[in-house]
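Engineer: Sequence:
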Amino acid sequence: MKKIAISQPRYLPACNYIERMILSDTFVMLDNVQHQRRAFEHRNKIRTDNGDFWLSIPIDRVNSKSNQIKDLLILNGENWEEKHFKSFVHYYRKTPFYDEVIKLLDNFYSVKRTSLNQVVKDMLNILIDYLDLQVDVKWASSYNWTKQKDDLLIEITEFFGGSTYISGPNGRNYIDERKFENKGIQLLYHEYDHPVYRQVWGEFIPYMTIWDLLFYYGKDTVNYIKKGNLVKE
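Numbering (the working numbering), first residue to last: 152 to 384.
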């Protein structure tokens, strides 16, 4: 049974996003769709002494070829890499795995990149390598799929020989389950009950970037991520 999951790329992905990757054999980055300004493709939160705080990549909407994720360029001169890195240094310096994890981020933020896709790819490669994730990541912009909505999800699943499609929980609101049933594709919904862990800055806040958990548990992060798994039909 080959499992396929599909989602937009994420900068600073959260635990539930990585857990869906762990559950899948092939994870497809849907980067040839429109970017939503308030979505998570270019931003996520970290835990601070004053609650949660957004770290966002500045997007150059004037010079980007289109508003599709794959075409988004990063705005020059904002020095966002240094700002984000210093935020991690300041708010996580007292965590158990700080010395180990901050080196990964130091290496990442020391490189200047021009596109959002490249940022996401490079960060994802660091996470896959550090956590030893066994997943095959594909990028939709490398293929010539032509269908839309549910039909596109089915087209991608069939293209990679999948017998199971793993949707996010919101898929229940828009997926036509009969289409998957007619194609003989098992449809699962990845619902996530976020595991609670100790955070330096007081009361636990869920759905921060996975880097929050990494600073507390290092390579054992994968075991904590899996505690929230609730895959249902």
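There could be a bad hint or two in this list.
When the alpha-carbon atoms are kept at most 20 Å apart in a straight line, the in silico PhoX-like pairs for lysine-lysine are as follows [stated by the list, open to error]:
no., residue 1, residue 2
1, K237, K254
2, K272, K300
3, K216, K234
4, K254, K370
By construction, these hints were calculated from the structure, which means they are not laboratory data.
Engineer: Tell me the hint numbers this structure goes against, listed in increasing order.
Structural biologist: 2 and 3
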